[in-house]
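Q: Protein chains in written order, with my numbering: chain A, 1 to 254; chain B, 1001 to 1387.
Treat the hints with caution; some may be incorrect.
Said to hold, decoys possible - Just the calculated beta-carbon pair ranges, DEER-fashion:
{"no.": "1", "chain 1": "A", "residue 1": "Val153", "chain 2": "B", "residue 2": "Ala1301", "range": "30 to 36 Å"}
{"no.": "2", "chain 1": "B", "residue 1": "Ser1016", "chain 2": "A", "residue 2": "Pro82", "range": "20 to 26 Å"}
{"no.": "3", "chain 1": "A", "residue 1": "His145", "chain 2": "B", "residue 2": "Thr1166", "range": "41 to 47 Å"}
{"no.": "4", "chain 1": "A", "residue 1": "Ala115", "chain 2": "B", "residue 2": "Ala1335", "range": "31 to 37 Å"}
{"no.": "5", "chain 1": "A", "residue 1": "Arg242", "chain 2": "B", "residue 2": "Ser1042", "range": "29 to 35 Å"}
{"no.": "6", "chain 1": "B", "residue 1": "Ala1340", "chain 2": "A", "residue 2": "Pro31", "range": "27 to 33 Å"}
Source of the hints: derived by calculation from the structure; they are not laboratory data.
In this text, a Cβ means the ideal position worked out from N, Cα and C, and glycines have one as well.
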Amino acid sequence: MEMLWFVVFALLLAGYFALEGFDLGVGLLLPVLGRTRETRDRMVAAMAPYVLANEVWLVAVAGTLFGVYPLLEGRVLFGLYPLVVAMLLSWILRDAGLWFRRRVDGPRWRGFWDAMIAFGSLGLSFGWGMTLYAAATGFTASPVHPLGLLLGVVVSLLFALHGQTFLGWRAPGAFGTARSGRALLVSGLLAALPALGVLAGAAPYLLEHSAPSATLNVLSVMVLPFAPVILGAQVWVWRTFRPGKDADRVPSFF
Amino acid sequence: MDVLDLARTQFAVTGSLHFLFVVLTLGLAPLVAIMHTRWARSGNPLHERMTRFWGQVYVVNYALGIVTGLVMEFQFGLAWSGLSHYAGDVFGAPLAMETLVAFFLESTFLGLWIFGWGRLPRWAHVACIWLVTLTAYGSAFFTMVANSFLQNPAGALVSGDRLALTDFGALLTNEALVFSFPHVIGAGLFTGGMVLVGASAYKLRRRAPEAEFFTRSLRTGVVTAAIGIFLTMGFGYAQFAGVQEGKWDNTGAAIALGLMIEFGQLLGLIVLFVMLPMVRNLHRRRWAHPILIVMTPLPFALAILGWVAREVGRQPWMIWEKLTVADAMSPGLTAGMVTASLIAFTAVLGLLAVVDYVLIARVIRRGPQAPDLGATAPETRSPALSY
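If we strip away everything but chain B, and leave its shape as in the complex, we get (with noise of 0.2 Å):
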């Protein structure tokens, strides 16, 4: 590989590890927020352990997601200065609206909402979860922002040797922007969903004590999921309006595209038309329960084949018809220097991703007892109900 395959692979690698945690972040994160508030308002011990227990899964997820990002938000100066020196006026605004504003609040309110237990005034801590809700969902507006402007560079003259910006409410109303920005929120609610169905039905197969707990977070996946699966199909088809020309020439790209859109609709089916209609009894269909587990990594999958899809197309464009990826990477960049960087992160981030994705499945295992998650003073374990 040469130095500009190099550099694509370590943006691809970490760009792709990323996404698999954010996804998850968007779908659990309203969900997570809804439960807290149902809990506020009744006090049922049901909802705060429902609160307790989902909310360790998406906060364990959240720390991969912090982390991958960071190498995100740093690598576009590392191997890809010559995109901010040729378009930096205008690809930077919605970059500096994500940390600055979005993403800046987003990490506080969650701090104050992870340490908050037993220390914030109910109604405050409920208004925290929510607020990293819209922060979350303004974090992915943004970064749509930025992406969609690769895609179709709206609101830009070439002035000189550089992009000057001329147009930010064209930035914000790029047709590459409004049609994939839903597709994305559908396509995080869909796994946060499927993530509940599948968590779910393991512990309803297992037969653990906690099945009230189970069945009703069964339905809400069930739910979550074809509301999510709805908008990501809606949306998606609706892309085809302003994609751009001769992007699914590229064969990888069309690959992609292909199975992704086979898979999902072959899910959609089965979510829309078996799953919902089944919602009120399917904790009893033991027999489903093994198929509902396996299909839960299935919107992962997914989720990295519209990427591929999207961002292979663009190629061999950084941005479309304006700047090549060669020309945007970094002048001097040896094959040296990305090979070593490459293998750290994907070394260090791809074990801690697994390292991650295993203290998941712990939690599930052990099930609502005791989670770390708002425990305020030691809670015992006990040993028969945890495993």
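One chain only, chain A, in its complex shape (with noise of 0.2 Å):
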């Protein structure tokens, strides 16, 4: 029980990097790819009928780093306090960006949101990075420590890359080069990687301090019935959003 739990946590967050990763490398090239506004608007509406699908994965792995490991989240997150306070406002701001940017005509307004788009993803990319260097040293370390901030800025060329490659296989030819489905696949595994590495070596310390089988029990009689809707609904957000003419479409809600 403890593996498959282990395993279903390792899922959620490989996943958030790679689903979520994307999303946060379009926000880190609005500034670079996107010079005019209708650029911008482009590149949003191609990844945002993702976005929803894609952010709750983190909300995921920490309703499961609470439900799974409850003797690691409070050492984790209050570890990280600084950190975790960071990326939660970035988190908050890249949203805010989404939801307003097309709340209000005009530049001025959307060069704002589109501005706190850009600076979350990259407060929450590089965030990452950090976080990652912290959980490999077993949270006994600074995560602001040169290693980490390479570690950043490591996650944030992956997402940025990733980002690049989701562009050019949803709206072929708009931004650069069309890539292949294969492409995206392979990018959003480079952008899952660091998380991998973490989540391998921390493997064996995780399933020790797993809740008690009663615990797990519970969950799994809660929550395993329902992961094929889970995942078929991943799937329906997939097969709808899939990237033909009408991708990067505007008006786009965000």
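Build the complex: two chains, separate frames, hints provided.
A: Quick look at the structure:
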């Protein structure tokens, strides 16, 4: 049972990196590729239908951390208090940017929220690199370490690459070269690689600190029957918003 | 303030902000789902405009529900790690259900609904908003399961220096839950109904060109508010059967409770015995419209008072008679850390909340002409009709 829940936890965290990674990557690329307001509109429109289905993987990671690793939840989050607060604020500003950018017409309004999307995406991507470094040291070292900062740069670059691949896949030709589904899969794996590495190292420790079997049994009975529904809903998103001529259709709600 | 007061203030501020948006989500979701279903069945353009207009109010409100909710989820680990350390094996289960199943599906289906316009088959699109409603209520249910456990730690036994889960069924049939959950749902419907009433009264008062649209919305709002306040009051009083001994000895909680009951009853009388009987011709009673407009914020204030009564009344316990808030606080938490995060969260979320309410007011002022939601091609807004 501990093994099963470790796999669920690993899948959720790696899935977050592979999925939300391209949303954050597109956010990072907004000031780079989106020189005009129209290009930025189309970039956001291309990723918009996926964002709600992608970011929720991290909500699930935190819930699983609480349910399956209650003894670690506080240690991890409290141990990184300033970093977690900064990442939450980045996440909030990124989301607010997406929800608000088109609610008022006017270049300054949209420009401001586009800047918030880019800023928030950068804060989250960079923060993840530092978090992974701290996790790799068993939360004994401060995340503000040259290696932590380096990992922040690496994760941000991986996400940007993933975001660019996503744009090339979803709206072929609109933002540079067209990319295949296979290329997107590879860039997704690359984006998840840092998380998978830390998870592999932390596996014995996580397995040892799982919640007791009574709790895990309840979670299994309650959650696992919904697994096909959750998976089906995710597949439905990818089928509905597959690449096509309306992929970067504007107006989009975001 | 010492560090404990600061940490409690942070939870109270972010929690209250979160619930202001959640309570409206719970009320509007089923209403938008009904409107969408009627549109799908009739094909009537009026129903389409109602779905898109009230749907737009619903999703703009939803944005703040999400971002404030993120802070709530992570705050347990940031400031209250003693709770997960002591009771994580019990308390973590409903939270995992909420995030891993209910909210996961809610967010996925909401994305499909918002961006599915012109892309999803008609009935599949309707199914999405019903699934969003169902999972939103599921989220509310599991959140209330977790909160009710703090009020009345059922289904758990002390084992060593921690709580162990012994009976998950007892968590779901907790006497602190069975009446409080429908009470919250009633409050959501009441709030959603009163927002429809207030916004429609505003548009009717301004003699907006869409008189039929807002007359219908006003009626839907009155009926929903009546159902909501009836449920809220009934299940509110029913809760006294299972309330913890000594909960109202706390002065702050007792005041909040008294205010909520007094004003809630008064509002209940107005909705059930004045507004509901007048539902057929309330749209023509122009003198009543300013009153209906100023009543709009009251359900929100009552909802916050309800939470203040429930949560302040629990003090000094985090888990009733098992764990105090002082013991639940993260060991090593300093006043400096909480002050910094309290200021940052309050400033950012507070500002965003104000912006969000201004945007909702703007949506209502503009009226149902070409809302952003469901626009699949550029539509022109006629300036003469917009303002």
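Q: Each hint: holds or not?
A: Evaluation of the provided hints:
Against the hinted window of 30 to 36 Å, the Cβ-Cβ separation of Val153 of chain A and Ala1301 of chain B comes to about 48 Å, which falls outside the hint. The hinted window of 20 to 26 Å between Ser1016 of chain B and Pro82 of chain A holds, with their beta carbons roughly 24 Å apart. Taking the beta carbon of each, His145 of chain A and Thr1166 of chain B are about 44 Å apart, inside 41 to 47 Å as hinted. Taken as a hint, the range 31 to 37 Å holds for the pair Ala115 of chain A and Ala1335 of chain B, whose Cβ atoms sit roughly 33 Å apart.
Between Arg242 of chain A and Ser1042 of chain B the CB atoms are about 31 Å apart, so this pair conforms to the stated range of 29 to 35 Å. Distance hint for Ala1340 of chain B and Pro31 of chain A: a CB-CB separation of about 28 Å, consistent with the stated range 27 to 33 Å.
In terms of the numbered hints stated before, the structure departs from hint 1 and from no other.
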